[in-house]
Amino acid sequence: MSKIQIKDYVRETNLIQSRLVISSIVVVTLCLLLVGRLYYLQIEQYSHYATLSQENRISFVPIPPARGQIFDRNSKVLAENLPTYTLEVVPDNIADMEASLDRIARLVELSDADIERFETALRVRPGFEIRTLKSGLTDEEVARFAVNQHLFNGFYLNARLQRYYPFGPEMAHVVGYVGRISATDLERIDRNAYRGTDYIGKLGIESHYERTLLGQSGYEQVETNAHGRVVRTLSRVSPVAGKDIYLNVDVDLQRATREYLGEYEGAVVAVDPRTGGVLAFVSNPVYDPNPFVNGISTKSYKLLRQNSGRPLLNRALHGRYAPGSTVKPVMALAGMENYWSPQEKVFGKGWFSLRGSRHRYRCWKKQGHGWLNLHDAIVQSCDVYFYTLANNLGIDKIHEFLTRFGMGKNTGIDLDGEPSGLVPSQEWKRAARGQPWWPGETVITGIGQGYTLVTPLQLAMVTATLANRGVRNQPRLVKAVRDSGSSVIQELKPNTLEHVSVRDQRMYDLVISGMVNVVHGKRGTARRSGLGAEYKFAGKTGTAQVIGIKQGASYNEKNVAKKFRDHALFISFAPADDPKIAVAVIAENGGGGSRTAAPIARKVMDFYLIGPPPPPEEDTPKKDDAA
Amino acid sequence: MLRKFVRHLDPPLLLSFFVLSGLSLVVLYSSGGEDVDLLIKQGVRILIGFVILFTVAQLSPQTLQRWAPYIFSIGLVLLSLVLLFGIVGKGAQRWLNLGLFSFQPAEIMKLGVPMMVAWLLTRNPLPLRLRELAMAAIIVVGPTVLVILQPDLGTALLIAAAGILAIFLAGIGWRLILALTAALAAAGPLMWTLLHDYQRQRILTLFDPWSDPLGAGYHTIQSIIAVGSGGAQGKGWLNGSQSQLEFIPERSTDFIFAVFSEEFGFYSAVLLICIYLFIVGRGLFIAFNAQDTFSRLIGGALSLTFFFYVFVNIGMVSGSLPVVGVPLPLISYGGTSMVTLMAGFGMLMSIHTHRKLMPQ
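In order, the protein sequence lines correspond to chains A and B.
Counting in the numbering used here, the first sequence runs from 1 upward without gaps.
Counting in the numbering used here, the second sequence runs from 1 upward without gaps.
Be aware that a few hints might be false.
Said to hold, decoys possible - Label pairs and their in silico Cβ distance ranges: (1) B:N239 x A:L82: 26 to 36 angstroms; (2) A:I22 x B:L204: 26 to 36 angstroms; (3) B:V145 x A:I22: 23 to 33 angstroms; (4) B:Y267 x A:V230: 30 to 40 angstroms; (5) A:N225 x B:G236: 16 to 26 angstroms; (6) A:E98 x B:H196: 24 to 34 angstroms.
What the hints assert, rightly or not - Partial list, computed: chain A residues near chain B (C-beta under 7 angstroms): (7) R19; (8) R37; (9) S53; (10) T212.
To be verified - If you want the footprint, here are the derived chain A segments under chain B, 3+ residues with CB under 8 angstroms: (11) 23-32; (12) 45-51.
Rather than coming from a laboratory, the hints here were simulated on the basis of the structure.
Yeah, the Cβ is synthetic: ideal placement off N, Cα and C, and Gly gets one too.
Based on the sequences and whatever the hints tell you, model everything.
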């Protein structure tokens, strides 16, 4: 120890000791600060952080409900849920999407459509949401991916239920399809109801009965760790499956009907007049709804859109056609209701002219029908008779009666977007065209030409009303609903509309007897379709012009391009005295109703009332002869 | 023989260490996912720590004073070697592989720097003169910069703190302290440019961790939630959801205090702080009653550095200070810092127990 140090020893000691005291004070102060901070966090803000910590660990995992199935009237499955493996992606968890897709494509076959759809999904939804890259993986692809899963962060293999339509195109225009929930759908739906669900009904029954089919989402309350992995399930609310739906439609009848329609574009609607139940609802051509479920590729969709047959158009519902002569039974009723005597005879001379005009409204039969009463005019479909009748009635009364019959209005079928059709009136023409009504337009309205437009469905319902002698039912595709897991099938009650009551019910007898003679009478326009029938039925042919024919010119089918040929129409119901089925057939560009449309209707009724036709006889097996 | 060893131990400090070591094992069992292997490893480290404590306590303060320049020089050489040949781990070059084991030379400096400063300042009578102050500053800044270069901000901070605290105790004038503080504030922007991006980010998110809840702020937020949700009583041992479900990062090492306060609550946390306060108080008391300047300086500096550890760690875990890699002394899992700490406390015990042997 040096002398100098000894000299300053006391001073040094005091200096350091005072610094130590100061330090102690600082230490205690800082400790108090720490305690204060802990007090703030653990005591004052306790509930706030307790909540945050709960939210941290508890998360809700939605469990989608199984969508209700759709069956036909004989419990054949029309729409079901098939288990399928899907490859799903959370984009935020993937650093280099393009490279990852390249790598995954070596394990799982990715079509251009898959990639295109996925890239669209990438743009429209936020990156932390899971979305499907490919669904319907094969077992081999599942195995290949499962082995390599650890190499693909952000890719997940999930078993899901996917909608499948076993009858494919056959029922597309009825059942419609589900598709992935789009941005537009998201704006109108209750998002909570769709938690965990990817699909929503887009068209047909799937869309109209969305609420019935959907069911209720369940959820699992799970504890997750910081990596989002589920540690354990805390509670579970099971989903409630959607209700199953039974249609009035008979899928076998539906398929046979389309077969009968053959190559013709057009529509056939068959209903049970007693209930309004729709037995067949055919629009031809058709499309397969299955590709729409996961989003059809732009290319395929373009092909469908550009197809000249317009398969996506539901003609039975949306098609609007001039009713042609099929309107005549209703016109006959309209006349009688307005005191036109059924005994009143009109001379069918082949054409009709308004007083003071030289314009000739021609009859389909150039040489004319001669003297006819109302019954015979229906049987032979005399145009001149109905020109005269319409001209006598005037458009106001025609409009009033046709409207009462359900024309020009929605039928109220359980499908979305039904058009109303059109029954012209003076007010309508002034409003729509800004022109007064011309008397000549009344004349052609009498034979279902001019402005009048009906949908095949409306036409079928008009037929059912005729068959019912004025009792109107709302058409119904759905027959019954069943709660999931329940064996009780709740039948839906038919919805009856306002009857078409007339002064005297015998007017119906007269019109129906006319319609019976259309097919069974010697001079009936569709007598060939009535041959050999095992039951008595009633019908009415119709031919709707697609192009106007110039005055003095004649219509020759062979000279007219196919797309300008007349539409063939036929309405009928059977059996005539106890109607069980009413059918409306429209074969576009089919030419005459009697030749093209009536045989189709006959076959449909045969199928429904008698049963499927026996399979065409095959050659007797040769082997039997040998044996 | 044994009695001679034991004579150089300080019972109050020793008792505190036993309590903290036991606590460490209890919390580690929970934070480590009930991993017994982890406990055994930590137990071995604690044992090694106590052996070092005993050993250092046997050395007299005079011996320590003589060794100070050598320890400092060796540390300086090793630090330079680390920069040249060190093992890179977790993005930083901190470890030196010595064949049998690897260690962080920076740890040596936690003791080497305050010892060297104390040694330097004891050579001439206090208070400090400017020339000595400048030399002391070099002794502090040199190793600190070397450690920052690794980069290891936490350790650099502790080394600097140990040196600065020794200088403070040596009686640096208040005016000079003020001037240096002002200079430091001015140098702040310059320091800013020297920091790595992740270090800057840590400092920035300190002020608003919620601005980047899934990025730089994530650790702090989860830690605050853990502490806050512990409440007064805690969620119970092994029941902290933040800890058990791995929301807390580094929960066995730097963030172990979050696990402790989540599972044991506010009162226990205050009790833990009190134990630390007791240790620091005992250390300062020993320094106060030391019989020579070197002992006072080194004893005070080591005690205050120990408190600095505690304060920075708890401040970081409770979201009051930026996230720097400073473990909670004697509780956090980890070997090297345990060894350094115990060596430091060995010195304190040596100071206290050799006192009576000195001629009056």
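Verification of the hints:
1. B:N239 x A:L82: 26 to 36 angstroms: 44 angstroms Cβ-Cβ, so the 26 to 36 angstroms window is violated.
2. A:I22 x B:L204: 26 to 36 angstroms: holds, 33 angstroms
3. B:V145 x A:I22: 23 to 33 angstroms: Taking Cβ atoms as reference, V145 (chain B) and I22 (chain A) lie about 28 angstroms apart, which means the hint holds.
4. B:Y267 x A:V230: 30 to 40 angstroms: holds, 34 angstroms
5. A:N225 x B:G236: 16 to 26 angstroms: holds, 18 angstroms
6. A:E98 x B:H196: 24 to 34 angstroms: Check passed, 31 angstroms falls within 24 to 34 angstroms.
7. R19: Since chain B brings a Cβ to about 5 angstroms from R19 (chain A), closer than 7 angstroms, the hint holds.
8. R37: Interface hint status for R37 (chain A): holds (5 angstroms vs cutoff 7 angstroms).
9. S53: holds, 4 angstroms
10. T212: violated, 41 angstroms
11. 23-32: Coverage by chain B holds here, the residue count being 6 at a Cβ distance below 8 angstroms.
12. 45-51: Holds: 5 residues of the region 45-51 of chain A have a Cβ under 8 angstroms from chain B.
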